[in-house]
Amino acid sequence: MIGTISIIILFVILGIFLFNGKGSSLIAGFNTLPEEEKEKYDKVALSKFMGKMMFALSFSMILWVISDMYKIKWLFTFGLILFIGLIVYIFVYTNTGNRFKK
11 MIGTISIIIL FVILGIFLFN GKGSSLIAGF NTLPEEEKEK YDKVALSKFM GKMMFALSFS
71 MILWVISDMY KIKWLFTFGL ILFIGLIVYI FVYTNTGNRF KK
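Sequential numbering from 11 applies to the sequence shown in the numbering used here.
Be careful, since some hints might not be right.
[Said to hold, decoys possible] With beta-carbon atoms standing in for the labels, derived distance ranges:
#: 1; residue 1: Leu90; residue 2: Ala38; range: 20 to 26 Å
#: 2; residue 1: Phe86; residue 2: Thr106; range: 26 to 32 Å
#: 3; residue 1: Leu36; residue 2: Ile12; range: 21 to 27 Å
[What the hints assert, rightly or not] List of simulated lysine-lysine pairs, PhoX-like, C-alpha gap at most 25 Å:
#: 4; residue 1: Lys112; residue 2: Lys48
#: 5; residue 1: Lys48; residue 2: Lys111
#: 6; residue 1: Lys53; residue 2: Lys112
Everything labelled a hint here was simulated from the structure, so no lab data went into it. Ideal Cβ placement from N, Cα and C applies to all residues, glycine included.
Please model the entire structure based on the sequences and the hints provided.
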């Protein structure tokens, strides 16, 4: 449980950093693009979206902690399904539709 709380705190800190439009170099895949390709993307919009998603992932992990504290097994399952669903949503939303291109 302490490990999960530590990860939640890390995700919230990263979420705040990204939500402020900074830290685009921390986004996997984006940081490996050549500079010419990076210029084609709206770094602030991408960072803000990823910040919001970090907050959402943190919320789903908070459900894990609550389920462990109160011994509610279905709450952990719901949090895990929410976590996996958010990961799939992030992949699909960011990689389709050229949403973050300038």
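Going down the list of hints, with the structure as the test:
The hinted window of 20 to 26 Å between Leu90 and Ala38 holds, with their beta carbons roughly 21 Å apart. Checking the proposed 26 to 32 Å range against Phe86 and Thr106 shows it holds: the Cβ atoms sit about 30 Å from each other. In this structure, Leu36 and Ile12 meet the distance hint of 21 to 27 Å, their C-beta atoms being roughly 24 Å apart. With a C-alpha separation of about 10 Å, the suggested pairing of Lys112 with Lys48 holds against the 25 Å cut-off.
About 9 Å separates the Cα atoms of Lys48 and Lys111, which keeps this hinted pair within 25 Å; it holds. About 9 Å separates the Cα atoms of Lys53 and Lys112, which keeps this hinted pair within 25 Å; it holds.
Figure legend: structure checked against the earlier numbered hints; every hint is met.
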